[in-house]
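Q: Listed here are the chains, written in short residue letters.
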Amino acid sequence: MSRAEVIQRGGEIAGARKVSPLWTFGLLRSELITTFRRWRTLALLGVLAAVPILVGIAVKIETGDGSSAGGGGPQGGGGGGPAFISQITNNGLFLVFTALAATLPFFLPMAIGVIAGDAIAGEANAGTLRYLLVAPAGRTRLLLTKYATTMAFCLVATLVVAISALTVGALLFPLGDLTTISGTRISFAEGLGRALLIALVVAASLIGVAALGLFVSTLTNSGIAAMATTVGLLITVQILDQIPQLHAIQPYFFSHYWLSFADLMREPVYWDELVKNLGIQALYAAVFGSAAWARITAKDVTA
Amino acid sequence: MAAADDGGKAHMAPYASDDSTTAGEGEDLRAARRRKAARYVVPVTVVGVAAATIGLVPAIADSGDPDLPEITAQQLIEKIAQSDVQQLSGTFKITTDLGLPDLGGLESSLTSGAMGSGSGDGSSADPSAKLTELASGTHTLRVAADGPDRQKLSLLEDAAEYSLIHNGKDIWGYDSASNEVFHGTAEESQGEKGKGRTEEVPATPKELTEEALKAVDDTTSVTVDGTAQVAGRDAYRLLIKPKQSGTTVGAITVAVDAKTGMPLKFTLTPSSGGAAVIDAGFTQVSFAKPAASTFDFTPPKGAKVTEEGELDGAAPEHGGAKSEDELRKEFEKEFGGPKGEGEQGKAPEGGPEVIGEGWNSVAVFDTGGEGVPSGAEVGGDMGGFLDSLGDKVTGKFGSGTVFKTRLINALITDDGKVYVGAVDKDALVKAAESAK
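Quick mapping for you: the protein sequence lines, in order, are chains A and B. Counted the way the working numbering counts, the first sequence spans residues 1 to 303. Counted the way the working numbering counts, the second sequence spans residues 304 to 739.
Just so you know, the hints here were simulated from the structure itself, not pulled from any lab data. Note that this is a predicted model, so its numbers are computed, not measured. There could be a bad hint or two in this list.
Short, incomplete list of chain A residues facing chain B, as computed with Cβ under 7 Å [unchecked claim]:
| # | residue |
| --- | --- |
| 1 | Leu45 |
| 2 | Gly46 |
| 3 | Asn90 |
| 4 | Asn125 |
| 5 | Thr128 |
| 6 | Ile186 |
| 7 | His256 |
| 8 | Leu283 |
| 9 | Ser290 |
Heads up, the beta-carbon is just placed ideally off N, CA and C, and yes, glycines get one too.
Based on the provided sequences and hints, a complete structural model is requested.
A: Below, the structure is given as structure tokens:
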């Protein structure tokens, strides 16, 4: 946080001494602008946008001789690579699903971890948190603003992946009617609708990580420590989710149902796990959101 | 929330530190600290409420067994027989726990090995390859049927699905993970091959029940054991219990829909106790006509299509293929439940001899081979797998290896005879000795 940013914020504060709902929007707007103007954020988004480009080019090169990706190998099982990869050559829209499946386990939550971990601890680290608290917004509202900003980043990051994938898919591969994984056919327009729905579900899948990161961020005054802890927790949970002996607790991991977004490509849509996923995300948001609230409102802010 | 804001502001004094406070301020601070600690009650409460909800909601939702008029076992079986459900769609969950060692990655290498050598140029969309996967673990299936000509069975996988669609004279298998299509025609499948297949792997409750009811004789008790709720429908529970000892089958429970007479859930518990060996049932079911588009299938552009005939011709005989095939057959038999022996008579390779009766029947195959290959012969993961399952026994018949699961046990003697049945080890040895 630079001095200039503080002054910019200060300017907004001066304009709204009286605590009004509008002021929250002012704070939110200033937060959003600050977050999305950072080079760090732009670099993260750039990396995310690059993933579908790489996947698309790789598939294009691999299938240049007419074979299909994923399947057709000696295994014939199509086990390799992220979900949907074998369909990309026939329909570029599938690149959206593949890209989301490829980025959801790690790239996306890591980016969220960086943003969320930095939200409070970064301000504290830079010594700007107390200036923010001098404003008559109160700590709760500041926290809510920070959380809203993080969630906005979840959505933007997911859409960046999806749009980049759609663009690359349209450039490199044919588009048209597509076959759902249940074997039925849907029109391209409906496919696009489902892609958008999937992007929203993927963004919603990140709510839990965002809440967790925000809570960790309230615990420390070091932005780096908060980011590292959040990303470390993410990796730990992902590893634990692979250990069969822990199957009893795995359904409560925030990442356990992440790939359920693919169920939206079934016909009819299989809702069970999607609902579980959203429920888990809401639970994490409630638990770690309230824990973050308890922490930040009780914290001695010295920096 | 307002209180929280106030609290926040009250303690914003940036440089407040415990060391520099006087006694009176210390009192205040302690009180303040208690108030702060009290905030953590909120997340803890959220966790508590969530835990309680997760724990209690299923219990509350389980509104007890429904009240249904009394019915005899005979009437209930008739109800099943008369059941004429033509149209349905639903979600079906099947859990198979044969007590095999947790195969983990080996399972896939086993199946890919078996499939790979059995059908080198085969297709992952081949139905028989897919359906054997059901023999272990938990799987979710979707079924839809509209009359005898149109059915669809989908096996839900992670971000993929395997669909088997029967529409008119076409039978399509579509594996979305590899984008491969298997195509067969219904005429053929009504012939020997297709029939064998359905009997090998009875997947719907109706078929499972019919298999079990074939066994109703002096050896078996069949009773109606109250009622239950299955997939939101009221159902009778039909309890089938072997009267004989020596079998590994403890009891079979079939939940039968009170309205349509359609079996909704099938549970097989082993005599050794513990979790059910097979637990298969609808989690959601509707008897409305499924949308016609459900059964429409055109191979997606670029998909690899395998015709049924090609696959059979392509199956080469590999040296190591036999043992894998045997294992695969065992899987299928296990899946077929205790009455597996019955169908073996129709199995392609020669009719087996059956020793014993009822639940204690033991089927005998003469493979004419060298018996089971030892782990070292097969080598690799497969070898370790065989050794870990085997249990050396000797008797009047010579010596052999007993392969045990929680339901089906098999004795493979060194001279190549195979004794298989839903019986315990002693009964197998006895059967082998009586055969000599």
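Q: Can you list which hints this structure breaks, lowest number first?
A: 1, 2, 4, 5, 6 and 7
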